[in-house]
Amino acid sequence: MSRYLLDKFLFTVDRDPELVERYREDPAGTVVWWEETQANRILNATSGEASTWLAFSDDERDALVRHDHVALFTMGAHPFLTLTLFIAMFERDHPEPLAYQKAYGAALAHLGLPYPDIST
Amino acid sequence: MAQVVAVIASTHHPFYYRASTAVGEDRPPFADEWVAKIERFRETLTRARPDVLVMVGSDHFHQLWLDNMPQFLVGKAPAYDANWYNEEREFGLPRFRLDGHEELSSHILRGGLDSGFDLAFSNELRIDHSITCPIITLRPEADLPIVPIYTNIFAPPLPQPGRFVELGRTIRELVESWPSEQRVAIIGTGHLSLELGGPRQFGPHGPDPEFDHRAVQWIANGDLDGCLREVTLDSLHLPGNATHGFMDFMLMMGVAGENARADHVDSLDLFHTMEAYFTWYPKGAPA
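Residue numbers (this note's numbering), protein chains in the order written: chain P, -8 to 111; chain E, 26 to 312.
Derived by calculation from the structure, the hints in this document are not laboratory data. One should not assume that every hint holds.
Here's a subset of chain P near chain E, in silico, CB distances under 10 Å, partners left out [as the list claims (entries may be wrong)]:
#, residue
1, 8
2, 56
3, 64
4, 66
5, 72
6, 75
7, 86
8, 87
9, 97
10, 98
11, 109
SDA-like cross-link-like pairs, simulated, lysine to any residue; straight-line CA separation at most 20 Å [what the hints assert, rightly or not]:
#, chain 1, residue 1, chain 2, residue 2
12, P, 93, E, 296
13, E, 308, E, 204
14, P, 93, E, 308
15, P, 93, E, 225
16, P, 93, E, 297
17, P, 93, E, 294
18, P, 93, E, 295
19, P, 93, E, 115
20, P, 93, E, 234
21, P, 93, E, 40
22, P, 93, E, 233
By construction, the Cβ of each residue, glycine as well, lies at the ideal position given by its N, Cα and C atoms.
Input sequences plus hints: build the corresponding full structure.
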């Protein structure tokens, strides 16, 4: 279980316009590339120093590859990060204002309180 | 000593800028009422004639990240760039730059550390919409120096609600002990009930109108007792999964003081979340 790494993926992809497009068009390739080359980057280190231990579980990798925001929610990925990135990728496919956001919520409608823990 | 000439608490709705500037078919039906309420709210700050703004908000995973997460952080820099790529992308927010007030930042940092708050600091802080939304609504000229203060309402584990209230009280005391003739407004933004990325998001109202109603009463009446009796880190999950942003309203209640009735109270029931606006004049309403 690596909620932190899920969040790190969502955070770093969302904040890079090229990565947003790449993840939209090629989720499997982007997730593999990211886990191999980016997952262990220490974001605040200027010298390229990296960690050695960060990896997705199979379920986590799979949820990211499938763009499965419901699975990410149940795993405790930070809902703000998931929502922001998914709006960036998919709102354009739903021309009616807020149609994507409403559908996103409706897909989660079967989930009640308490929601999954998001602490890291 | 410096004077606190206004205490202001507000929601920060990133859609306001786009709604208020849209024209023709793009202009949403609620825009005119929203703009009218904001203009009345803005006047409450203008009348106080502030020289400097202390701005309380919360970084939304822009500069502050989980590998090094402060609970309370004070900016101390000569300038602050504002807004981020994903806020331009999603909300159409403009980029701009605000001057900083380093002397007041230093005073709050030193005094905070000496008062039991181990405040983090940043000498290079790019602020986000939690601080730029109230600039856009309350001081669109963006012409006053600021001291930004960030709180963690976002990445658990979070500080307890009572700690936010205590920090608010401390900020008020620190500003009032600043040896300066400057007129200071303390402005903070948070949320009422709010759901982001969950099943209750983007409904016709906020996710919990009953909570919103009680929250507005607590704030308007300065009812810290009632608020602290009911609000816990656990209870805030119930009205909506992003409702911990309400703790920044509690911080502002701490700034305003126990049982301090707000001089200006307004709200707007929008889809998705309720807007709410409060102003207190600690020295009495300006002429």
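What hints, given by number in increasing order, does this structure fail? Failing hints, ascending: 2, 4, 7, 8 and 14.
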